[in-house]
Each structure stands twice: as structure tokens, then as C-alpha cells.
Amino acid sequence: MDNNSKVAESFKNFLIEIGELSYFTSRFFKELFNPPFELKEFLRQCYNMGNRSLLLVCVTGFIIGLVFTLQSRPTLEEFGAVSWMPSMVSISIIREIGPIITALICAGRIGSGIGAELGSMRVTEQIDAMEVSGTNPFKYLVVTRILATTMMLPILVFFGDAIAIFGSAMVENMKGNVSYLLYFNQVFDSLQFSDLIPTTFKTFFFGFAIGLVGCYKGYNCKKGTAGVGLAANSAVVYTSMLLFVIDFIAVFVTNIFYG
Amino acid sequence: MVSPMNNKPIIEIKNLRKSFGDNHVLEGFNMALYEGENLVIMGKSGSGKSVMIKCLIGLEEPDSGTITVMGKNINQLEHWELDELRTEIGFLFQGSALYDSMSVRENLEFPLRRHTKKFGIIEDTTPLVMEALENVGLEHAIDLMPSELSGGMKRRIALARTLILQPKIILYDEPTTGLDPITSKEIILLMMSIQKKYNTSSIIITHDVDCARVIANRMILLIDNINYAEGTFEKLSASEDPKIKAFFK
Ligand SMILES: Nc1ncnc2c1ncn2[C@@H]1O[C@H](COP(=O)(O)OP(=O)(O)OP(=O)(O)O)[C@@H](O)[C@H]1O
Ligand SMILES: [Mg+2]
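Chains as they are written, first to last, in numbering that gives the first Met the number 0: chain A, 0 to 258; chain B, 0 to 248.
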């Protein structure tokens, strides 16, 4: 095969993938509103996801806040602008760093988990067994998981952001003798409602993307144990790419409204 | 056993065709299952036995051909009708297919959550779960996870799970493959006792000649993508056709 047709081939596969993903998404919305609702399984998924990722998100958030402040301190000092630290940190963390880092961590933690779990259920015919036993596996497995990631990601981001700002406050408290109270006062002063709304919206989409791609890859897993690994792996890769695309679009849209 | 001839079949497959791309797996497969009968289907690995049985229960869609189960053409059923029909059909998957995030008890309860038509809404599932576990002799495993079970135990729990809805028809996809001869024999005896107790009709897919000898009332050989030969074990094992002979060596 010459190079041209190889490129054409992979472009074709890409388009097919996009088409299948769109179909998968439309099926999600169709089944979402059809009873019966698997409320118990949805809550179980929410609990599992929160439980598995909260510590990781908090530790990462804390370190990011810490390092971010330490790194930017010398530069701000040079311009005598250290007092701008709280507003700079809070705005950049809440608008951008918190959501994207948390989402990337969750893509690795939750997305790959979903891909591997559904993939192995597909390969070992557990999904077929569900179908035969009268439970719609798409509703029971896919809808609940996508809803759970969509709901849980904003919550995780909230915790991640809070801890990151706390980490930053700790540095300022030690290095710059700024009291926690003063620091947080400045944080809340500099934050506006218009900072919170778009970023919260964005995190819902992040969560949706993580659940959607993980479920899509797992549910359509190819036979064999190699297929499971591939499902988990490509879930992370595709989700990460998609997260940046959503982020880009979000910034674009936000600028239209608030710019 | 009821004589096949003077009886209406409860499962009938006519001219079933199924391909995956260029891989023509089934090209005109026919069979009928009569009430109270144990029908064994043999065929080489990859000959399409699992595909055939999945078409039968509506997990795969055939390219053409008709499949009638208890008088209903399964490819023309609404989803809820198909679900209802499936309460009458037990399916033992080739790899057991236990839900590995659930305990044995939850595995057995799972079919009861949606198939409520048959028993109504059940408040306490414990008696049903225990009865199914007693049938396979594994009452003590009720709180174990599938990962803690051996292959033979998994197969038996899977059998218990298919029995819990007390189906009229049971489809076994290679119930003894991958088990040692002694455990295989146990599973076969179990299948026979279940058949006696609930008077089920069964389709058994197997490579295992010993299993076929003990359990088959009638056999179908799936060779060259069709139902190549049909008859009792004695008749087929005495055949001179080299393709048939290969199975009974
Ligand atoms: N979902 C699928 N997509 C593509 N090809 C498939 C699919 N399922 C089965 N096949 C192909 O159909 C053929 C028959 O497979 P099947 O699983 O029915 O074999 P089998 O007779 O059950 O074999 P075994 O005894 O090993 O279980 C194989 O060539 C397989 O590659
Ligand atoms: Mg098979």
C-alpha cells in the first residue's frame, strides 16, 4: 500500500469512529429517558468513582497549588506584585488548571477503569448474559456510568480547586506571612460569578466525555484479552484528546459571552 | 422420551444463514427440537455452533432464515416480547459468564430483577436462590465472589443461574469443555437430573463424545456450514462417512 492510500485508510477509519461514537451518544440520550431507571446502580457508580478518585484528586490539587505558588513567587516579587498572588492563583486554578488536571486524572483513573471493566464484561459474555436475563445492558452499564461521571466530575473538581488554593495559601502563609484569613478574603474578592459559571459547565462536559469514551471503548471491545487492554488504553488517549478539544471550545464560547 | 415424529417442535430453525464479512459461518442450517428431548449438536471449533445458538436466543441477528421458538418467530418480536420469551429459555454460556463484580447470591438474583412477570415481584429471593444452589450442590458458596470459585464451580453456579427462572428450554454451550473428566461427568449427571426434575428440553453443544453418548436422544452434526448429518448416537457413530467418522475416533 502506498502512503496516500494509507492516509486515506486511516482517515476513513477516523470518520467511521466518529460516526459510531455519535450513534453511541444518541443511543445514550434515547435510553436515558426510557424507564426503568437503574437508580441503585447509578448511586453505586457515583460512590465508587468518588471514593476511588477523591484522594488522588486532592493530593494532586494540593501539590499543584503549592508548586504553582512557589514557582510564580520570584517573578511576582521582581515586579513587586506578590499581593496579586491570591487572585492570580485562584483565577487560573478555577478557570483552567483545576478542571483540566482533575479531568485528566479522572480520565486515567475512571475512564480506563470503565474501559477495562466493560471490555472484560464484553469479552467474557457477561453483557450478553445480562441481555438474556432481561436487563438492558446499555441502560444498566452504560447510562448509569456516563451519568455518574457527569455528576461526579464537577464535585471532584470543586474539591481539587479548594485544596489547590489551600496549598497556595499555605506557601504564602509560610513565605510571605500572609494570614489564611487575608488570603482567602482576597481570593473571594477577586472571584466573580462569571468565573464560576462557565467553568462549572465545562466540568460537566468533561465528565460526560470521560464516561462516554470509556463506555464506548469498553462496550464495543474486540474479542480477546488484548482487546480489553486496548479498550482501556484507547479510552484514556481519546478522552484526553477530547478534553482538550472541549476545553478549547469552552474558552471560545466563554469569550463570546464574556469577552 | 417422547417420539419426535408425533410431536410439534418447540424450537425450529429453517435455512439459517449468517456471515461476518466474507466469513460465511452458516449457510442454510436447519434443526428442530422436540419437547422433553436432549439434542446434541457437534461440530469442529469455529464451525459456528455458538453463532447458531446466539441467533436462537436473539443475541445475533441472522442474515436470513426463520427461527421459531414456542410458536413465535423471534426476529419479529418486540423487545419486551423477546424478554418474556427468554424467561422460558435458559442459556449456559461457554465461559460461564458470571458477573464478576457481584457475589454468587447477587449473580443468581440478577435474572429475578427484571423477569418479574413469571413470579411477580419477589420480596425475599433467598428461598429461590437456595433452591437453585441446592440443585447444583453449592449452597455453601452463596457469599463467595466468582473469582474465588474453581472452573467447575463456576460452571455449576452458572447452571444454577440459568435454572433460577425454571426455564422450559435450556441451551448449553459446551458445558463440559475445559473441565477434567470427573467434573465433566458430574456436570453431565447434573444436567440429566435437572432434565428429569423440571422436564426441560435441551440443546447441548459439545465436542465431548462421552458427554454426547450419555445424554443425547438425537444428534446433529454441523459440518461445512450446514446440518450435515442427523440421527441417534448409535446411528452416527456407525457411519462410514469419513467426515462423520472423524468425530467419533
Ligand atoms: N461477533 C463476531 N464477529 C465476527 N466474527 C465472528 C463473531 N462471532 C463469531 N465469529 C466467527 O464465526 C465463526 C464461528 O464462531 P463460533 O464461536 O460460533 O464457533 P464455535 O463453533 O462455537 O467454536 P468453539 O467450539 O470453538 O466454541 C468463527 O470463524 C468466528 O471467527
Ligand atoms: Mg462456541
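Hints listed in this document are in silico derivations from the structure and should not be mistaken for laboratory results. Mixed in with the good hints, there may be bad ones.
Below, simulated BS3-like cross-link-like pairs (lysine-lysine); rule was C-alpha separation at most 30 Å, straight line [said to hold, decoys possible]: (1) B:Lys-167 / A:Lys-138; (2) B:Lys-71 / A:Lys-29; (3) A:Lys-222 / B:Lys-43; (4) B:Lys-248 / B:Lys-167; (5) B:Lys-248 / A:Lys-138; (6) A:Lys-221 / B:Lys-248; (7) B:Lys-242 / B:Lys-195; (8) A:Lys-222 / B:Lys-13.
Some chain B residues judged to face chain A by a derived CB distance under 10 Å, without partners named [stated by the list, open to error]: (9) Lys-53; (10) Tyr-98; (11) Ser-102; (12) Gly-151; (13) Arg-160; (14) Asn-224; (15) Tyr-227.
Using N, Cα and C, we set each Cβ at its ideal position, and we do this for glycine too.
So, going through the hints one by one against the coordinates:
1. B:Lys-167 / A:Lys-138: holds, 28 Å
2. B:Lys-71 / A:Lys-29: With a Cα-Cα distance of about 28 Å, the restraint between B:Lys-71 and A:Lys-29 holds, given a limit of 30 Å.
3. A:Lys-222 / B:Lys-43: holds, 20 Å
4. B:Lys-248 / B:Lys-167: violated, 34 Å
5. B:Lys-248 / A:Lys-138: violated, 48 Å
6. A:Lys-221 / B:Lys-248: Status violated; Cα separation ~35 Å.
7. B:Lys-242 / B:Lys-195: Cα-Cα ~33 Å, so violated.
8. A:Lys-222 / B:Lys-13: Distance of about 29 Å is within 30 Å: holds.
9. Lys-53: holds, 7 Å
10. Tyr-98: With a closest approach of 5 Å, the B:Tyr-98 hint holds.
11. Ser-102: Not OK, violated: B:Ser-102 not within 10 Å of chain A, min 14 Å.
12. Gly-151: Hint violated; B:Gly-151 Cβ to chain A Cβ min 17 Å, cut 10 Å.
13. Arg-160: holds, 8 Å
14. Asn-224: Status violated, d = 21 Å.
15. Tyr-227: Violated: closest Cβ of chain A sits about 27 Å from B:Tyr-227, beyond 10 Å.
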